[in-house]
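Spelled out from the first residue to the last, the chains are:
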Amino acid sequence: MPTETHPAPGAAGVIHDLGYRRYDGPRLGRSRIVAALAWHSFRSAFGFGRGARAKVVPAIAFGALCLPAVVNAFAMSRGEARLVDYDTYIAVLRNLVMTVFVAVQAPELVSRDLRGRVLPLYFSRPIKPGDYPLAKFAGFTAACLVMLEVPLLLLYAGAVANVHGGGAVWAETRALIPGLLIGLMWAVTLAAISLPLASLTGRRGFATGAVAIAFLLTYTLAEILLQVETLGTHTGPGQPASASLAEKVSGLFSPFTLFDGVRMWLGGTNQANGVPDPGAFGAVYALVLIALVGLCLAGLGARYRKANRS
Amino acid sequence: MPAGTAVPAVPGPGTPAGPAGLASAVIQATALTKVYPGDVTALAGLTVAFAPGVTGLIGANGAGKSTLIKILLGLLEPTQGMAKVLGYDCVKDGMKIRQLVGYMPEHDCLPADISATEFVTHMGRMSGLPATAARERAAEALRHVGLHEERYRQIGTYSTGMKQRVKLAQALAGDPQLLLLDEPTNGLDPAGRNAMLELIGRIGEEFGIPIVVASHLLGEIERICDGLVAIEAGRLLRADTMDNFTRASQTLLIEVEDGVAALHRELVRRGVRVQPFQRALLVPIAGMSTYDVVRDSVAALGVPLSRLEQRRHQVEEIFRDDQQDYQASYQATEAADAY
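Protein chains in written order, with our numbering: chain A, 20 to 329; chain B, 980 to 1318.
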């Protein structure tokens, strides 16, 4: 704590009764300031530094995502095989819970600053205009990563505790790694989509609505298209030999189905969300995903370049 | 102690200030021009220097004060001309300037659902302070602005006056070498305005931090200022030290029991500029001779003299003399903001 003693007479500086002290300690550079802002954003994505109410949604969402891992550990301890896969996890649960999480928490990161009109204070700091969105994106990606990958690690821990032999542990580890990479793809994409949407308005309700609608609407659309196309193509019973082009294209309409297409293109075998194995068409999935993320990030950057000038 | 000597304005656009001006100026603008898209000219060749101490930046709403501040912070690029803050170029070294300058915006800029300590600490970190130092300096800054007791309360529960203090505290947290305060008394009641001005005066004088206070209320900020810079429509109107402003404005107030009109005529006849003021007359003091002229006039007419008083004009009245139109727009805004 600072001492309140006045400097000795004769010392450089002014003696005054208010005890103002100059700061002559180190000053952090731009990169450290951006890192501090990213860390602050990461914390606020979980409601830390704020009241108990701000922590409710993240806590419930996190608990819900961890639940399958816990159930799996319990089941495996009773001798059953692993119930949950690392790459798809529980697809519907993850889609839904992550939609809720980003819809509620992305506005927490960006809309609050807009609402409080705090941006001019950030821009008057020694950072560049692009640093603010960059820090927010980094912080929120990290938060999404925690939401997606801590359950995977729990799942892994539960599995490893219940298998025997180095070979089995190695098999679990090899299955986990693609799961973690897919989690990273999710985190980057979800943060990239939700932040620019939330940054459109300072009203949290609207921002949450915009993000939720964007994810739910596109997901519903993709699912409907997938089902219609599946029914149209495969009238007979039994496994389809290969999916039609229309079916593959249907999967491009939602981030969640895009993830599945890319995942299978990269060698994932489990089907989820009704997305057919795209085969070589998976490259299109990957391109669309990269373009989507790039577009969203460009939009986010442009949003704050504009704000900086106003 | 701040030097308290504002550097006189450099006449004529483009003329660089003298070496003395450059050495002591904290802000130096040269032929600064900013034209917004749509041909809106916010600054038109502004050349001015700000000395250490507390300097009032006065001008009506839309005179270009906020634009000037944004350029000084390196957030806006000037269309033409250049500006230096603490010796750094505003276009090239904006980051360095923002590290050294504390800025208090005009409008609300505080989130409601966070405590003042938490917020000022965060803003200190954004100024480049390490976590521990930011926490310490936030507590100190809040103590200096008089919010020590309430610092753990949510900002949303604060009064307007307290919010203004938080805005000042966040500017102070990074230990700035210059403070830019944009309309710091905005939205405050008379008591709140006085308290805020007193606080700014103390920060300037006792903390030794140079301060630029932008305001459209000249009468209000003149008492805490060491110098004044007046701009209108993006142009420099006048820049000088407070001393020079008031020295130039010394007048003699003459009050007589009756015969005011006759004395007025007599003084004018003797070549004195006379201005009626309520039931008295105001005469600018040109030197000791002014007293002689007044004495002789009064004696010649034999009017009963009841009061003869040397009077310091308020700065505002000087502008009224110099710039009738300008002052009219001033009074309009002042009337709108009158408390």
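Quick caveat, the hints were computed from the structure, so don't treat them as lab data. Mixed in with the good hints, there may be bad ones.
[Unchecked claim] Here are some of the chain B residues that sit facing chain A, going by a computed Cβ distance under 7 Å: (1) Tyr-1015; (2) Pro-1084; (3) Cys-1088; (4) Tyr-1270.
[As the list claims (entries may be wrong)] Below, simulated EDC-like cross-link-like pairs (lysine to aspartate or glutamate); rule was C-alpha separation at most 20 Å, straight line: (5) Lys-1075/B with Asp-296/A; (6) Lys-1071/B with Asp-1087/B; (7) Lys-1071/B with Asp-1018/B; (8) Lys-325/A with Glu-1056/B; (9) Lys-325/A with Glu-1129/B; (10) Lys-1071/B with Asp-150/A; (11) Lys-1075/B with Glu-1056/B; (12) Lys-1071/B with Glu-1085/B; (13) Lys-1142/B with Glu-1056/B; (14) Lys-74/A with Asp-1092/B.
[Claimed, not checked] To give an idea of the interface, some chain B residues facing chain A are shown, with a C-beta separation under 7 Å as derived from the structure: (15) Ala-1010; (16) Val-1014; (17) Tyr-1067; (18) Arg-1077; (19) Tyr-1082; (20) Arg-1104; (21) Gly-1107.
Note that the Cβ used here is the ideal one computed from N, Cα and C, for glycine as well.
Exercise for the section: Under 7 Å, Cβ to Cβ, is where Cys-1088/B needs to be relative to chain A, so tell me if that hint holds or is violated. Expected result: Interface hint status for Cys-1088/B: holds (5 Å vs cutoff 7 Å).
Problem - Tyr-1270/B as chain A interface residue, shortest Cβ-Cβ below 7 Å - result: 41 Å, violated
Handout entry: Given hint Ala-1010/B near chain A, where the shortest CB pair must fall under 7 Å
Key = At 22 Å from the nearest chain A Cβ, Ala-1010/B fails the 7 Å test, so the hint is violated.
Practice task
Would you check the hint for Lys-1071/B and Asp-150/A, treating anything up to 20 Å between C-alpha atoms as holding?
Solution key: 18 Å, holds
Practice task
With a cut-off of 20 Å on the C-alpha distance, tell me whether Lys-1071/B and Asp-1018/B pass.
Solution key: 25 Å, violated
Practice task
Verify the proposed pairing of Lys-1071/B with Asp-1087/B, using a straight-line Cα cut of 20 Å.
Solution key: 29 Å, violated
Handout entry: Lys-325/A paired with Glu-1129/B [C-alpha distance capped at 20 Å]
Key = This hinted pair is violated, its Cα atoms lying about 36 Å apart.
Practice task
Grab the minimum C-beta distance from Gly-1107/B to chain A and call the hint holds if it beats 7 Å, violated otherwise.
Solution key: Given a least distance of 4 Å, the restraint on Gly-1107/B holds.
Exercise for the section: Using Cβ atoms only, decide whether Tyr-1082/B comes closer than 7 Å to chain A, and label the hint accordingly. Expected result: 4 Å, holds
Problem - Supplied contact hint for Arg-1077/B, tested at 7 Å Cβ to chain A - result: 4 Å, holds
Practice task
Could you grab the alpha-carbon distance between Lys-74/A and Asp-1092/B and see if it respects the 20 Å cut-off?
Solution key: 14 Å, holds
Exercise for the section: Could you grab the alpha-carbon distance between Lys-325/A and Glu-1056/B and see if it respects the 20 Å cut-off? Expected result: 14 Å, holds
Consistency with the previously given hints fails for numbers 1, 4, 5, 6, 7, 9, 12, 13, 15, 16 and 17, ordered from lowest to highest.
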